[in-house]
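Using the sequences provided together with the hints, build the complete structure.
So the sequences go chain by chain: Y and X.
So in full-length UniProt numbering, spot 65 of the first sequence is number 65, and the numbers just go up one at a time.
So in full-length UniProt numbering, spot 62 of the second sequence is number 62, and the numbers just go up one at a time.
Worth flagging that the hints you see were computed from the coordinates, not collected in a lab.
Everything numeric in this text was worked out from a predicted model, so none of it was measured.
Keep in mind that the hints are not guaranteed to be accurate.
Computed list of lysine-lysine pairs in DSS-like fashion (alpha-carbon distance at most 25 Å, straight line) [stated by the list, open to error]:
{"id": "1", "chain 1": "X", "residue 1": "Lys291", "chain 2": "X", "residue 2": "Lys53"}
{"id": "2", "chain 1": "X", "residue 1": "Lys319", "chain 2": "Y", "residue 2": "Lys8"}
{"id": "3", "chain 1": "X", "residue 1": "Lys48", "chain 2": "Y", "residue 2": "Lys20"}
{"id": "4", "chain 1": "Y", "residue 1": "Lys75", "chain 2": "X", "residue 2": "Lys199"}
{"id": "5", "chain 1": "Y", "residue 1": "Lys101", "chain 2": "X", "residue 2": "Lys288"}
{"id": "6", "chain 1": "X", "residue 1": "Lys319", "chain 2": "Y", "residue 2": "Lys65"}
{"id": "7", "chain 1": "Y", "residue 1": "Lys48", "chain 2": "X", "residue 2": "Lys271"}
{"id": "8", "chain 1": "X", "residue 1": "Lys48", "chain 2": "Y", "residue 2": "Lys65"}
{"id": "9", "chain 1": "X", "residue 1": "Lys288", "chain 2": "Y", "residue 2": "Lys43"}
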Amino acid sequence: MQGIGLLKGMFVTIQEFFRKPVTEEYPDVMPDLGDRFRGGTIKLKTSKCISCGICMNSCPNGSIKLTSVRDENNKRHLSTYVHDSGLCLYCNLCIESCPVKCIDWTNEFAFSGYSREDLIFDCIDLAKKRGYDVPEVKATPEAGEKG
Amino acid sequence: MQTQKYELNMGPQHPSTHGVLRILLELDGEIVVKATPIIGYLHRGIEKICENKTYVQTIPFTDRMDYLAAMGNNLGISQAIEKLMGVTVPERAEYIRVIMAELSRIASHMICIGSLVMDIGGVTGFTFCIRDREEILELFNRACGARMTFNYIRVGGVSQDLPEGWVDACWKFVNNFDKVMETYNNLIVGNEIVQLRLKDIAILSAERAIAMSATGAVLRASGVDYDVRKADPYGIYDRFDFDVPLGQKGDNWDRFMLRFYEMEQSVRIIKQALEQMPEGPVMAKVPKVIKPPAGEVYHRVENAKGEIGFYVVSDGTTKPYRWHARRAAMVNLQLLDELCHGNKLGDVVAILGTLDPVLGEVDC
Chain Y
1 MQGIGLLKGM FVTIQEFFRK PVTEEYPDVM PDLGDRFRGG TIKLKTSKCI SCGICMNSCP
61 NGSIKLTSVR DENNKRHLST YVHDSGLCLY CNLCIESCPV KCIDWTNEFA FSGYSREDLI
121 FDCIDLAKKR GYDVPEVKAT PEAGEKG
Chain X
1 MQTQKYELNM GPQHPSTHGV LRILLELDGE IVVKATPIIG YLHRGIEKIC ENKTYVQTIP
61 FTDRMDYLAA MGNNLGISQA IEKLMGVTVP ERAEYIRVIM AELSRIASHM ICIGSLVMDI
121 GGVTGFTFCI RDREEILELF NRACGARMTF NYIRVGGVSQ DLPEGWVDAC WKFVNNFDKV
181 METYNNLIVG NEIVQLRLKD IAILSAERAI AMSATGAVLR ASGVDYDVRK ADPYGIYDRF
241 DFDVPLGQKG DNWDRFMLRF YEMEQSVRII KQALEQMPEG PVMAKVPKVI KPPAGEVYHR
301 VENAKGEIGF YVVSDGTTKP YRWHARRAAM VNLQLLDELC HGNKLGDVVA ILGTLDPVLG
361 EVDC
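Dropping the structure here:
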C-alpha cells in the first residue's frame, strides 16, 4: 500500500525525538579532540631546537621558514622561526621528522583573522609569550644564513 | 506550435552539484537533450605539484583529491610507491590499512546516500547519514589526529599505531551497524517517494558502462562483476571473505542500493580484519630519503568512487618524474550526458547523485 513507507519513516524520526541529542554545543562547550589532534600552529621548544631545518625541508607546502646563525664553535642557533598556518596542510610531516622532537601542535581548534598575515605566526615569539620554553635566542644578525 | 531548445546553466554554486561542478543543460521544455559537465573550477594542478615534491610529500595532496574517502587515496599512492621500491609492509599495518580504507568507504557512501536523498527532497535522511558518519570521523581523529585529511597511510605502513581503546570503539561501531542499516531501511529505502524518484530512471547498460570505463558502484549496478579487490587483489584483500554486490538493471535505484550493500560488505571485512589483526610493528624499515630505482609503476585500488589508479614514474631521484592519478569520479562523470539524455530536469540531480562525483577528485 502506498504511504506505509512514509509512515515508517516518520516513526523512525519520532523515535529519535526521545533520544539524547548528538549535537555539540560548540562555542560554549569545546569538543574533545583527542591527544593526536593536529591543529593550531607550531609549539616550539626553542632551547631544544638544533636549527637543522629538517622540518622546513619536509614541509610539502613551504609553510615553515627558519633561519639560524652559527656561533664561534660552528654551532647553529635559531634566529627566526615562522609558521604560516595559512599554507599549512596539517600533514604532521614536520613534527614526525624533527630529530629532537622540539615541535608539536598548539592544538587550537579554530583561527580567525582579518587578513592572511594574521595566520602567520612567529613561533619563537609565541613560545616566549605562552611560556612553552625558556628561550635562548641570539639577536638576528645581518646575514642570517638559512638553516 | 513552434518551439525551440534553450540552454540552462546549473552550477557551479548549485548545492546539488556536490562541489563546484557546472552543467550546461540543453533543454527541450523540461526534457534534457544534452548535459555537458564543465569541470575545472577546483583544479589545483595536483599532478604537477606532486612532480615537484618528494615521494612522501605527495601523500597529503592525495587527501585533497577524494576528500570523502581519503584513506583509499593514501593507500593507493603508498602502495604504488612501495611497489616501485619493493617494500614489504608489516602485517599489522596491512590490517590497519584495510580497516581504515573500508571505514572510509562507508563514510563516503553515507555521504553519497545522504546527499542524494537530500537532493531529491528528503533532508531528514541526510542528517541521519551525517550523524552516523561522525562516528567514523571520530575514529579517524583518534587514530591520526585529522577528520578528513589524514595523511595516515604512509610508504611502508601507517604513521602511528592505533591508540588504546580504538579497537573497542571500532567494534562498537561495526556491531551497532545493523541498527544503523535498519534505520536507513525504514527511513530512506522504504520511502515511496525516493523509490518513485529513482526506479527505472537513467538505465545504464552493461555494454555502455564498460565502453565508458565506468568503475565502482556505477559499473557494478549494471551487473558487471568487477571489483579491484577481487579482480586484482592488493594488500591483503585476498584473505577476506566478502561478496561483490551487483545490480540488475543499472538504473538510479540500483546504483543507490548498491551503496547500501557495499557498506554491509565493508562491515564484514572490518569485522574479519579486527578479529585477525596481529600485534607488531606498523612501519617497515624505509629509508628517510626515499629514492626509488628508475622505473614506472601503475597501481590501482578500489576506492569508494571506483577504481583509483596511480601512475608514478621514477628517474632515480627523490622526486617523481611523472605522477598521474586515474580518478574514478572523473571517468564516471562522463556518463552524465548519456544518462541525462531524455530525462526530466529534476532527474539530473538524482543522476548526478548516483554517479557520486567528488569535485576534488574530478578536477584534481
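Now for the hints, and whether the structure bears them out:
1. With a C-alpha separation of about 12 Å, the suggested pair Lys291 of chain X and Lys53 of chain X falls inside the 25 Å cut-off, and the hint holds.
2. For the suggested pair Lys319 of chain X and Lys8 of chain Y, the alpha carbons sit about 57 Å apart, so the restraint of at most 25 Å is broken.
3. At most 25 Å may separate the alpha-carbon atoms for a hinted pair to count; Lys48 of chain X and Lys20 of chain Y exceed this at roughly 48 Å.
4. The straight-line distance between the Cα atoms of Lys75 of chain Y and Lys199 of chain X is roughly 72 Å, outside the 25 Å bound, and the hint therefore fails.
5. Among the hinted pairs, Lys101 of chain Y with Lys288 of chain X is consistent with the structure: their alpha-carbon atoms are about 16 Å apart, no more than 25 Å.
6. Straight-line distance between C-alpha atoms of Lys319 of chain X and Lys65 of chain Y comes to about 21 Å, which keeps the hinted pair within the 25 Å bound.
7. Only pairs whose Cα atoms come within 25 Å are accepted, and Lys48 of chain Y paired with Lys271 of chain X is rejected, the gap being roughly 44 Å.
8. The straight-line distance between the Cα atoms of Lys48 of chain X and Lys65 of chain Y is roughly 23 Å, inside the 25 Å bound, and the hint therefore holds.
9. Taking the CA atoms of Lys288 of chain X and Lys43 of chain Y, the gap is near 24 Å; set against the 25 Å cutoff, the hint holds.
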